[in-house]
Amino acid sequence: MAVRRQRLCRRHAGEGGYMNVILHKDKCISCGLCASIAPDLFTIETGVVTLKKNPKTWNKNDWKSAKEAAAACPNGVIEIKET
Numbered sequence: 021m022a023v024r025r026q027r028l029c030r031r032h033a034g035e036g037g038y039m040n041v042i043l044h045k046d047k048c049i050s051c052g053l054c055a056s057i058a059p060d061l062f063t064i065e066t067g068v069v070t071l072k073k074n075p076k077t078w079n080k081n082d083w084k085s086a087k088e089a090a091a092a093c094p095n096g097v098i099e100i101k102e103t
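At position 3 of the sequence shown (counting the first as 1) the number is 23 in the numbering used here, and the numbers step up by one without a gap.
Think of the hints as simulated: they come from the structure by calculation, not from any bench.
Fair warning: this is a prediction, and the values are worked out from it, not measured in the lab.
It is possible that part of the hints are untrue.
To be verified - The calculated label-pair distances, taken between Cβ atoms and stated as ranges, are:
#1 S50 - T103: 27 to 33 Å
#2 K80 - I42: 16 to 22 Å
#3 T66 - T103: 27 to 33 Å
#4 T103 - G67: 29 to 35 Å
#5 S56 - T103: 27 to 33 Å
#6 T70 - A91: 16 to 22 Å
#7 T66 - I42: 15 to 21 Å
#8 T63 - K84: 15 to 21 Å
#9 K87 - I49: 29 to 35 Å
#10 A91 - Y38: 27 to 33 Å
#11 K72 - N40: 26 to 32 Å
Said to hold, decoys possible - Computed list of lysine-lysine pairs in PhoX-like fashion (alpha-carbon distance at most 25 Å, straight line):
#12 K45 - K84
#13 K101 - K47
#14 K101 - K84
#15 K101 - K87
#16 K45 - K87
#17 K84 - K47
#18 K76 - K87
Just so it is clear, CB atoms sit at the ideal spot from N, CA and C, and this is done for glycine as well.
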């Protein structure tokens with residue numbers, strides 16, 4: 021089975037760093053927790069998490085919601101990295 025990992029964005033985070041959104045779709049169990057926490061950002065389509073809008077357009081509150089959804093995901097599907 022191929023790993024379905026999708027790096028979605030490398031965005032300037034403000035203080036000289038970057039933020040990356042990575043979806044580990046092969047781990048998704050379609051529980052919908054991410055979509056309930058951040059309904060403007062995430063949805064469940066065909067059994068896996070997908071984005072509703074491009075992370076390059078996310079504002080500070082969107083990134084905060086995405087981090088909350090990532091922390092709540094039982095399988096660690098959503099990964100937000102700050103570099």
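We went through each hint and held it up to the structure:
Take S50 and T103: their Cβ atoms lie about 29 Å apart, and the range 27 to 33 Å holds. Range check, K80 to I42: about 20 Å between beta-carbon atoms, so the 16 to 22 Å window is met. The hinted range of 27 to 33 Å is satisfied by T66 and T103, whose Cβ atoms lie roughly 31 Å apart. Range check, T103 to G67: about 30 Å between beta-carbon atoms, so the 29 to 35 Å window is met.
For S56 and T103, the Cβ-Cβ distance of about 28 Å falls inside the hinted range of 27 to 33 Å, so the restraint holds. Between T70 and A91 the C-beta distance comes to about 19 Å, which sits within the given range of 16 to 22 Å. A hinted range of 15 to 21 Å holds for the C-beta pair T66 and I42, which are about 19 Å apart. The hinted range of 15 to 21 Å is satisfied by T63 and K84, whose Cβ atoms lie roughly 19 Å apart.
Roughly 20 Å separates the CB atoms of K87 and I49, a value that falls outside the hinted 29 to 35 Å. Range check, A91 to Y38: Cβ separation about 20 Å, and the 27 to 33 Å hint is violated. Checked against the hint of 26 to 32 Å, the C-beta distance between K72 and N40 comes to roughly 18 Å, which is inconsistent with it. Of the pairs offered as hints, the one joining K45 and K84 holds, with about 21 Å between alpha carbons and a cut-off of 25 Å not exceeded.
Among the hinted pairs, K101 with K47 is consistent with the structure: their alpha-carbon atoms are about 18 Å apart, no more than 25 Å. Between K101 and K84 the alpha-carbon distance is near 13 Å, which keeps this suggested pair within the 25 Å criterion. A distance of roughly 9 Å separates the Cα atoms of K101 and K87; the hinted pair therefore holds under the 25 Å criterion. Between K45 and K87 the CA atoms are separated by roughly 17 Å; this keeps the pair inside 25 Å, and the hint holds.
Among the hinted pairs, K84 with K47 is consistent with the structure: their alpha-carbon atoms are about 22 Å apart, no more than 25 Å. For the proposed pair K76 and K87, the alpha carbon gap of about 15 Å is at most 25 Å, so the pair holds.
Of the numbered hints given earlier, the model fails hints 9, 10, 11; all others are met.
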